[in-house]
Each structure stands twice: as structure tokens, then as C-alpha cells.
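Engineer: Please put together the full structure from these sequences, using the hints given.
For the sequence shown, numbering that gives the first Met the number 0 begins at 0 and goes up steadily by one.
Just so you know, these hints were derived from the structure itself, not from any lab. Note that the coordinates shown come from a computational prediction; the quantities given were computed from them, not determined experimentally. Treat the hints with care, as some may be off.
Cβ-Cβ distance ranges computed for the label pairs, FRET-style [claimed, not checked]:
hint: 1; residue 1: Lys237; residue 2: Asp33; range: 40 to 48 Å
hint: 2; residue 1: Asn239; residue 2: Ser151; range: 25 to 33 Å
hint: 3; residue 1: Ile214; residue 2: Leu53; range: 31 to 39 Å
Derived DSS-like pairs (lysine-lysine); straight-line CA-CA distance at most 27 Å [as the list claims (entries may be wrong)]:
hint: 4; residue 1: Lys48; residue 2: Lys237
hint: 5; residue 1: Lys9; residue 2: Lys64
hint: 6; residue 1: Lys64; residue 2: Lys99
hint: 7; residue 1: Lys50; residue 2: Lys14
hint: 8; residue 1: Lys14; residue 2: Lys48
hint: 9; residue 1: Lys64; residue 2: Lys87
hint: 10; residue 1: Lys69; residue 2: Lys50
hint: 11; residue 1: Lys201; residue 2: Lys8
hint: 12; residue 1: Lys230; residue 2: Lys87
hint: 13; residue 1: Lys54; residue 2: Lys215
hint: 14; residue 1: Lys8; residue 2: Lys87
hint: 15; residue 1: Lys230; residue 2: Lys99
hint: 16; residue 1: Lys64; residue 2: Lys83
hint: 17; residue 1: Lys64; residue 2: Lys8
hint: 18; residue 1: Lys230; residue 2: Lys64
hint: 19; residue 1: Lys99; residue 2: Lys48
hint: 20; residue 1: Lys9; residue 2: Lys201
hint: 21; residue 1: Lys87; residue 2: Lys12
hint: 22; residue 1: Lys14; residue 2: Lys29
hint: 23; residue 1: Lys99; residue 2: Lys12
hint: 24; residue 1: Lys50; residue 2: Lys12
hint: 25; residue 1: Lys69; residue 2: Lys29
hint: 26; residue 1: Lys237; residue 2: Lys215
hint: 27; residue 1: Lys87; residue 2: Lys9
hint: 28; residue 1: Lys99; residue 2: Lys83
hint: 29; residue 1: Lys83; residue 2: Lys9
hint: 30; residue 1: Lys201; residue 2: Lys64
hint: 31; residue 1: Lys215; residue 2: Lys69
hint: 32; residue 1: Lys230; residue 2: Lys54
hint: 33; residue 1: Lys12; residue 2: Lys48
hint: 34; residue 1: Lys8; residue 2: Lys215
hint: 35; residue 1: Lys83; residue 2: Lys54
hint: 36; residue 1: Lys14; residue 2: Lys36
hint: 37; residue 1: Lys50; residue 2: Lys83
hint: 38; residue 1: Lys201; residue 2: Lys69
hint: 39; residue 1: Lys29; residue 2: Lys12
hint: 40; residue 1: Lys48; residue 2: Lys215
Virtual Cβ for every residue (Gly too), placed ideally from N, Cα, C.
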Amino acid sequence: MTNTPNILKKIIKRKEEEVAECENNISANKMLEDAYKNRNTRDFYQALKDKADLKQNAIIAEIKKASPSKGVIREDFNPVEIAKSYEKAGAACLSVLTDKDFFQGDNQYLTDVRAAVSLPVLRKEFIINPYQIYESRVLGADCILLIVACLSDEQMEDFAMRAIAVNMDVLVEVHNLEELQRALALRLPMIGFNNRNLRSFKVSLQTTVELLSEIKDDTLIITESGILSAKDVAFMHKHNIYSFLVGEAFMRHDDPGNALQEIFV
Numbered sequence: 000m001t002n003t004p005n006i007l008k009k010i011i012k013r014k015e016e017e018v019a020e021c022e023n024n025i026s027a028n029k030m031l032e033d034a035y036k037n038r039n040t041r042d043f044y045q046a047l048k049d050k051a052d053l054k055q056n057a058i059i060a061e062i063k064k065a066s067p068s069k070g071v072i073r074e075d076f077n078p079v080e081i082a083k084s085y086e087k088a089g090a091a092c093l094s095v096l097t098d099k100d101f102f103q104g105d106n107q108y109l110t111d112v113r114a115a116v117s118l119p120v121l122r123k124e125f126i127i128n129p130y131q132i133y134e135s136r137v138l139g140a141d142c143i144l145l146i147v148a149c150l151s152d153e154q155m156e157d158f159a160m161r162a163i164a165v166n167m168d169v170l171v172e173v174h175n176l177e178e179l180q181r182a183l184a185l186r187l188p189m190i191g192f193n194n195r196n197l198r199s200f201k202v203s204l205q206t207t208v209e210l211l212s213e214i215k216d217d218t219l220i221i222t223e224s225g226i227l228s229a230k231d232v233a234f235m236h237k238h239n240i241y242s243f244l245v246g247e248a249f250m251r252h253d254d255p256g257n258a259l260q261e262i263f264v
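Structural biologist: Right, dumping it as C-alpha cells:
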């Protein structure tokens, strides 16, 4: 973790505090028990794979109010209405930001969205403690995100096993080759390539292309960040990528669902 970018260090520190606060309200044992009672999930991985295998766009449409690098992205923010708009427009899955301090998200957004649509939902959160895994399932998440830059190899393996035990899928997110090699060791069926450099916040779609050369099997690859236009989508299609996680480009549009249809024509 010594090489962790400063923004991630801040977020991780806050997450450690958050988990302690949450455990004061609901014990780890109670959260674990509740997660095992709620193992009725929607298949996140399959929803993407079914489309990608047919060379159709498999879109994880993200519900995000703000970010540390951009500030507030969307003032008029109604997560449930946005979710319905995405579902109507043909999204395969949804992603909901639950981090309060850095992304102006909320756990309740995920629960409300999951109840309002029939799509599988990813909890977009910085998972650094097993407590959050069980909390994710209790909130309604069908999939969790494991960010390689935040975790040790031992943590990733442990967290993935815990998520799978309560029927959740796991999306492992990488930003560079070293992280990808660590992710591949987990042998999970899907990996997200984040095109944003965590240090400079610059985005390059070339990141996905460069990392793709390391994939030798049928791992489902999801490209994340920087997909802003139909031209970007066409660029990814040239490299046989059909799974996308897109947030900001949709969030800046008056109607996020219309934006989805415009970009993924």
C-alpha cells in the first residue's frame, strides 16, 4: 500500500472509520447473518456476458452525483428516476455509488434503486473490510467492486470468496499491468479496466487496449472511464470490447437514458 495514490489513501482512511462507526450500530455477526439470509441475487456477470457474446453493447450504467476530481456532476439527482431511465434505454446492469464523503452517494440509493428496477446492481464502493461485503448484500447489491490498488492479494482472495459465498458477483478493477497480473491470479470471470490514471486523473482509452494484450482466456473485460461518444464505443468494438461501465457521460445529460441511447447507437 506504500505506492497508493494520495486520494485513495484518504478514502481508505475514511472507510476504516466508517466501518468502525457501522459496527457500533450493527455488529459484524449480525451483518453476516443477515447477508446469508438474503442470498437471492440477480446474475450480474451473466447479464453482461449474454450481450457481449452476441457482440451487443453490455452497459453498466452508473448512478453518480459527484467525484473528487470533478466535483458535483449532476445537481438534479434522483437515483430511482435515473435507474428507470437507464433500464428503459437498454442498460444490462446498474452501478450505484454509495460513498458519502467523496462521491455524495448513499447506501439508501442502492436499496431504493434495486427495488425500483429488475436489473442486477453493482455497489460502487471502496471495499476494505469484510463487514462491507455482507453490508453490500444486505443493502441489495448483486455484485461488489474490488479495487486492486486498495487491497493486498490476501485481502482480494478472502473478499472474493466471502462475496461468492453470499451469491454476489465480483468485479475486480485494475488500472495498470501490475494490478492486472494480481487480478488474473484470482481467476475470477470478469475484470474492469479503468482508463483513468489514479495519480494524474488523466484518461486514456489506450489503457484498455494495452492491458487487453495480457488476456489469454475468455475473461469478460469491462472498459471503465472515458467512454464519452459513439466514436469511443466504435474504437472499443475494433478491439472486440463490448462491455462498458459509463457514468459521467450519462450523468451530465438532461436525460441519462437518452444519453445512453445516443452514445451506444
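Engineer: For each hint, tell me whether it holds in the structure or not.
Structural biologist: Okay, the hints, checked on the actual structure:
1. Lys237 x Asp33: 40 to 48 Å: Cβ of Lys237 to Cβ of Asp33: about 45 Å, so the range 40 to 48 Å holds.
2. Asn239 x Ser151: 25 to 33 Å: Given a distance of about 32 Å, which is inside 25 to 33 Å, the answer is holds.
3. Ile214 x Leu53: 31 to 39 Å: 19 Å, violated
4. Lys48 x Lys237: Roughly 18 Å between the alpha carbons, so the hint for Lys48 and Lys237 holds.
5. Lys9 x Lys64: 19 Å, holds
6. Lys64 x Lys99: Satisfied, since the Cα-Cα distance of roughly 10 Å is no more than 27 Å.
7. Lys50 x Lys14: 34 Å, violated
8. Lys14 x Lys48: 31 Å, violated
9. Lys64 x Lys87: 20 Å, holds
10. Lys69 x Lys50: The given pair, whose Cα atoms are some 31 Å apart, is violated under the 27 Å limit.
11. Lys201 x Lys8: 19 Å, holds
12. Lys230 x Lys87: With a Cα-Cα distance of about 23 Å, the restraint between Lys230 and Lys87 holds, given a limit of 27 Å.
13. Lys54 x Lys215: 19 Å, holds
14. Lys8 x Lys87: 38 Å, violated
15. Lys230 x Lys99: Cα-Cα ~33 Å, so violated.
16. Lys64 x Lys83: 16 Å, holds
17. Lys64 x Lys8: Judged against 27 Å, a Cα distance of about 22 Å means the pair holds.
18. Lys230 x Lys64: 25 Å, holds
19. Lys99 x Lys48: 31 Å, violated
20. Lys9 x Lys201: 19 Å, holds
21. Lys87 x Lys12: 38 Å, violated
22. Lys14 x Lys29: 20 Å, holds
23. Lys99 x Lys12: 14 Å, holds
24. Lys50 x Lys12: 38 Å, violated
25. Lys69 x Lys29: 37 Å, violated
26. Lys237 x Lys215: 18 Å, holds
27. Lys87 x Lys9: Violated, at roughly 37 Å.
28. Lys99 x Lys83: 22 Å, holds
29. Lys83 x Lys9: 33 Å, violated
30. Lys201 x Lys64: Roughly 20 Å between the alpha carbons, so the hint for Lys201 and Lys64 holds.
31. Lys215 x Lys69: 35 Å, violated
32. Lys230 x Lys54: Roughly 17 Å between the alpha carbons, so the hint for Lys230 and Lys54 holds.
33. Lys12 x Lys48: 35 Å, violated
34. Lys8 x Lys215: Roughly 32 Å separates the two Cα atoms, so the pair is violated.
35. Lys83 x Lys54: 24 Å, holds
36. Lys14 x Lys36: This hinted pair holds, its Cα atoms lying about 25 Å apart.
37. Lys50 x Lys83: 20 Å, holds
38. Lys201 x Lys69: 12 Å, holds
39. Lys29 x Lys12: The hint holds at about 24 Å.
40. Lys48 x Lys215: 17 Å, holds
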